[in-house]
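Enquirer: Now for the letters of each chain:
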Amino acid sequence: MDSRLLLLLIILPLTGGVLNACFGCRLPRQMRALLAISSVLASFVLTLICWPLAADGGTQVTLFTWLKSSGLQADIGLFFDPLAASMTLMVTGVASLIHIYAAGYMEYEEDQARFFALLNLFVFAMLCILLADNLLLLFLGWEGVGFCSYGLIGFWYQKKENALAGRKAFIVTRIGDLFFTIALLWLFALLGTVNIAEINLRATELDPLLITPLVLLLLGGACGKSAQLPLMTWLPDAMAGPTPVSALIHAATMVTAGVYLLCRLFPLVSLSSVGMATIACIGAATALYAASCALEQREIKRVLAYSTMSQIGYMFMAVGVGSVAAAINHLLVHAFFKALLFMGAGALIHLAGGENDIFKMGGLKQKNPFLFWLFLIGILCLAGAPLTGGFFSKDAILLTAFSRGDGLSAILWGVGVFTAGLTSFYSFRLLYLVFFGDYRGDKSAHHLSPLLIWTLPLLALLGLFGGLINLPHFYGGSEMLSHWLGVAPALELPLPTEIGLLALMTLFFVAGWLPAHLFYRKYQPEAETPWRRFLLQGWRFDALYERVILQPYRFVANFCWIGGDKALIDGVIEGIGRTLLHWGGYFRQLATGQVSFYLQGFAWGLLLMLGWLLLKAVT
Amino acid sequence: MTFVSLTELPILSLILWLPLAGTLLCLLFRHSNFACRWLALLTTGAVLVLAICLFVGLPTAPGWLIREDYAWIPTFGIRYSLALDGISLLLVSLTAVLQVAAVLISWKQKEHPALFYALVLLLETGIIGVFLATDLILFYLFWELMLIPMLFLIGVWGHGNRVYAALKFFFFTLAGSLCMLLAIITLYLIHGEQSGIYSFALESLMQTQLSPGIEMLLYGGFLLAFVVKVPLFPFHTWLPDAHTEAPAAGSVDLAGLLLKTGIYGLIRFAFPLFPHAAQQSLPLLAVLALIGIFYAAWIAYVQTDVKRVVAYSSVAHMGFVILGLAAWNQLAWEGALLLMVNHGVTTGGLFILIAMLQDRTGSRDLRALGGMWKTLPFFSAFFLLFCLASLGLPGLSNFAGEILVLLGAFGRWPVFAALAAAGVIFSAAYMLRVVQGVLWGPLGQLCKIGDKDCLHEDLDRREWLLLIPLALLVVWLGIYPTTILEPLRGPISLLLQGGGLP
Amino acid sequence: MATWIFYILGAVAVIATAMAVTRRNPVHAVIYLVNSFFALALIFYLLGAPLVAAWEVIIYAGAIMVLFLFIIMMLELSPGEDADRKGPGPLQWLPVLLIGGSLLACTLLMLQLDPGGGQELPHWYASPRDFGYALFHEYALAVEVVSFQLLFAAVGAFYVGRADERKEKMGDAT
Amino acid sequence: MIVPFHHLLVLATLLFLLGLMAVLVRRNLIMILIGVEIMLNAAGLVLVGASALWQQIDGQVLVIFLMALTSAEVSISLAMVVYLNRRKKTVDVRAFDELRG
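Residue numbers (our numbering), protein chains in the order written: chain L, 1 to 619; chain R, 1 to 502; chain B, 1 to 174; chain E, 1 to 101.
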């Protein structure tokens, strides 16, 4: 098979995006959506066709040299290996479905061309991240998704908050990118290459002392993109974007890029135990933090956003405890069911007449029972109901943590299990508030395009049975994904322990479900307590950052401008000018304008000359 | 046109004096607005064609590609010597491109159009002369020739506080360049005493043996002239004022070209002439560049005038360029020169767009603007593109240069490079603030008169013609910078190997 | 004999000039100056330059001074409204006298130091014929230049006057 | 043998200084011009004396040129005095201080 087919993978969405961007406004309405959908769908089909290329260590292909200078060689080159292949398949697949969904969702939108152009460009950039064979191209994708996310969050730009949310997302993720950039610079300085395969290969050559800071820098980059502590504040606000965007970018693909980066560079990352521990801790902390915030959110999409953050925390934890397979498995399954949930949420919002607040929904089960069942599947996956995809993938992560056996892993495991309980609780809270009881809103339902429903079942199936991808031996599976990725399979635990853990997980699932059932099956208005507000506002991190970072930043900026530029530099220079002017004032008085005064000057000059001549004559 | 036929013509003189001929013709036909306008366009267009011919026709070899050398004032050893290598070629091409843009953007010039175009063309001669001259007196002549048209462009056709800005610009650069003149003459005398041959030629003067103290002093004179023009912190305060008050063409030329002459002077004259002093000054340059990156980015963040934001962003970008030069290796230098060209295109484009914005709304105030995407989608798309390029989005032009600079600088000063990378975040902060203020949000107050939107006209044909090539250039330089890096490679390695001149 | 005449004429010239310089009334000043010029003309004659002496009388005393008189009368600068009615005070005189005195002292000192000093002026006579011959042979070009100069002066004087009239006309018109 | 050349020079210097003082001290434009005339005459005296000393005609020729130039100068400067007088209704130089800084 011609490996150059791979290049089409990224070129197709790019072409779709560029065409839509440049000529979209001249195309007929349906053409815009069709163009976008077909380019992504073609990419998906192409991934399937190219699948065999990923086997046997992968395939490398180069389009042209992008940046070449002494020692530096960055190509527009792709590297298609099992890890990239599985991610690519997921991204193109989910993206295709979401594009189709979006065609329905944005049916009446005026500025469709912009939307689809950005969406296609996003897929292009995401594929660049996944397929890049060097860190610079990966960085291109990395920033590209950041920009597309910016454009799409602020898609409805006429509301100021939306555009501000987009900007926040861009800048916060860019803070993470800074760390990534530094890591990139450092790696190049140390190894003289930016090629990912080579870096992984030669990682052992590096001074072990340097690896930990490098890994931490990479982690910083990953944290920004994947909304992990402490760079997570942008994700909830990013829900200001259209729902397909949330589903695609802020649930299934972009936010998992951080996880992917760590997996991609796992040979390097795994060399630093401190780094790995930090990754795991950040993951666990974020998982817990986000789950706690999700408990009290009022907007349906924000609940899902916090849950995404929490689930990505699990993935980080998986990478941190050393299981790439578990991380990727959870990533894939999560992508399916979270896309399902977001798209379902989008449909629900349409159904509730554009209402976001779950306390003003309710009773939507009667309005569309089919949607309820689909959403239920998503919720079950999220909550980790036994035998769903989400259960298996999450279980694998906790199992790995548990099996490591050291103190830190035990704590991580404990946090993970507790968070699973919280997850179960807020998932069912959402379900009950939205679907049960009576309709509490005052808006009438919008028309629901069939596209909005019929893209969901496929995702539901994938989510439900996603566990099969990497089913452990314990359940009679064969750990397909681990083999495909070529990583070590999970450790075998003794049977009683396995059963005990399984029981514990189920217990926590039920322990989360029961209170939700009790409190939220019948809707009661909740009193607002400071504690609730604290969680609702995400532990007030926004306010904290505002005070600790933004205000000083603005202060320094103003100080530099008014104190530095205006007062100091201009002051000094204008001061010199004024001094000269002042002294000039004295000299100016010499210019009396009187002819005789000037002539007198002449005469004195004459006298001087004569005197000088005389002096010379005398001596 | 083949290479041979190129070298047979005195093509450097042609490209240099063509704009001046345009100036004279413009003054001759000063009564016809139409004639002047087309004359200016034709002249700049012809220069562009010549530059493209050179760019395509010349090989990418190190060393001088074309030289012209005639005696001019033999008594003082002053020669009329022009020479072109990869670096000058690139900058001359950039000049040619941006001057066409400058003429097109001031197409509707109403006040004294003939004089305006004449000055713009005169400026072009000055800038091209700076990029071509290898005799120090000739260089100085063009260096000052650049100053005067710019002074009048700002002072006569500028906005509000134009006289203050023009004088500030004038005095800053003049103070610097007078120091350089002193240094040139001292160097000339020292060299003459040593060798018995009094000459202002760069090649000869490079042979001068200088004691370290004297070398540092003379280098200081050159450095001051160049860093003021660049401008490096803390000599930058003329730039925001000049940019803000200058007419569109003036801003384009200032940002796109005049700032580059400073960098060019550094690498062509200051560094090769005083290699030891240059090496000693590198840490200072790097520190100032770094301060400039942060300082300018911070200040840009609190500006409300779009032009001021872009002006301060220029200071920050030039900080990157200087940082690259201070790193003193192939990678960083290639990056610095690439960034220089990229910055010329993107910032030039931004100033053009701001001029269009001001034409339509009469304001550049971020607080009063907003929601342009609704009314001017095409304009806004271009604006967004150029802003993104300016904030260093990979795949667009500035990124390629910035990352090369950072990669190169990290090899020498890891901490500085890491800090400079942080500057990229700040650039995102202020650029997005501009985008936010201009494109997004509800329609600004200024854009409405009563209940009616006062802007309906998106880009017209002239503006499309102007923006599309620039936008293509931005994308092209972002994804295939090899076009520029190839011709730069040889000359840069020559320069780095000890101030090498061919 | 000639020596005595020279000293007398010199004294007359200096005194007349001093009177001319110090007069408040310009008319008086001009008259004193004419005196001084006559004395000078005689000295010229004494020094063997009869033609120059004649022209001194004709041009200076005759033409230029009369021109001055005309102007004084035309502008009605009678002493009554002379700008110098109070006369320059000591503040103006003092530095000028100082300069004058110093210059004089310097000159005298220099003359004292002149090695070839004390050369006597010989009796000598330049006939108008010789004079004319030199003027129109060796200095023909200079004569042309000077005549042009005179022409330009005439044009200039005319222009200054005319521009003035035009301005006045404009003033009348408005 | 008339007088020593130095005596003539002293006479010329005296005349010149008197003219100079007139120029410096007087405020009346006419008087200043008169001072200039005196100085020019002093110069002419030196020229004639020098001509006699070396028995060369050139000095006298120069005096002729001097006179011609003086008449040109006077005609223009008097025209300007008239002009200035019309402008400010005075011939006091203190009134003409437009060059004052």
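If you are wondering where the hints come from, they were derived from the structure by calculation, not from laboratory data. What you are looking at is a predicted structure, and each value in this text was computed from that prediction instead of being measured. There may be inaccurate statements among the hints.
[Unchecked claim] SDA-like cross-link-like pairs, simulated, lysine to any residue; straight-line CA separation at most 25 Å: (1) L:Lys-160 - R:Gly-444; (2) L:Lys-159 - L:Gly-363; (3) L:Lys-360 - L:Cys-25; (4) L:Lys-522 - L:Val-274; (5) L:Lys-365 - L:Trp-156; (6) L:Lys-566 - R:Asp-458; (7) L:Lys-159 - R:Ile-148; (8) L:Lys-616 - B:Met-110; (9) L:Lys-160 - R:Asn-161; (10) R:Lys-108 - R:Phe-55.
[As the list claims (entries may be wrong)] With the C-beta cut set under 10 Å, the calculated list includes, among others, these residues of chain B facing chain L: (11) Leu-91; (12) Gln-92; (13) Pro-95; (14) Leu-109; (15) Leu-141.
All C-beta atoms in this analysis are idealised placements derived from N, C-alpha and C, irrespective of residue type, glycine included.
Enquirer: Each hint needs a verdict: does it hold in this structure or not?
Expert: Structure-based check of each hint:
1. L:Lys-160 - R:Gly-444: Holds, because 12 Å separates the two Cα atoms, which is no more than 25 Å.
2. L:Lys-159 - L:Gly-363: Distance of about 30 Å is beyond 25 Å: violated.
3. L:Lys-360 - L:Cys-25: 37 Å, violated
4. L:Lys-522 - L:Val-274: 48 Å, violated
5. L:Lys-365 - L:Trp-156: With a Cα-Cα distance of about 29 Å, the restraint between Lys-365 (chain L) and Trp-156 (chain L) is violated, given a limit of 25 Å.
6. L:Lys-566 - R:Asp-458: 37 Å, violated
7. L:Lys-159 - R:Ile-148: 47 Å, violated
8. L:Lys-616 - B:Met-110: 11 Å, holds
9. L:Lys-160 - R:Asn-161: 33 Å, violated
10. R:Lys-108 - R:Phe-55: 31 Å, violated
11. Leu-91: Because about 12 Å separates Leu-91 (chain B) from the closest Cβ in chain L, which is outside the 10 Å limit, the hint is violated.
12. Gln-92: Where the cut-off is 10 Å and the nearest Cβ of chain L is about 8 Å from Gln-92 (chain B), the hint holds.
13. Pro-95: Pro-95 (chain B) check passes; min Cβ-Cβ to chain L is 7 Å, inside 10 Å.
14. Leu-109: Holds. Min distance 6 Å.
15. Leu-141: 31 Å, violated
Hint check: violations occur at hints 2, 3, 4, 5, 6, 7, 9, 10, 11, 15; the rest are consistent with the structure.
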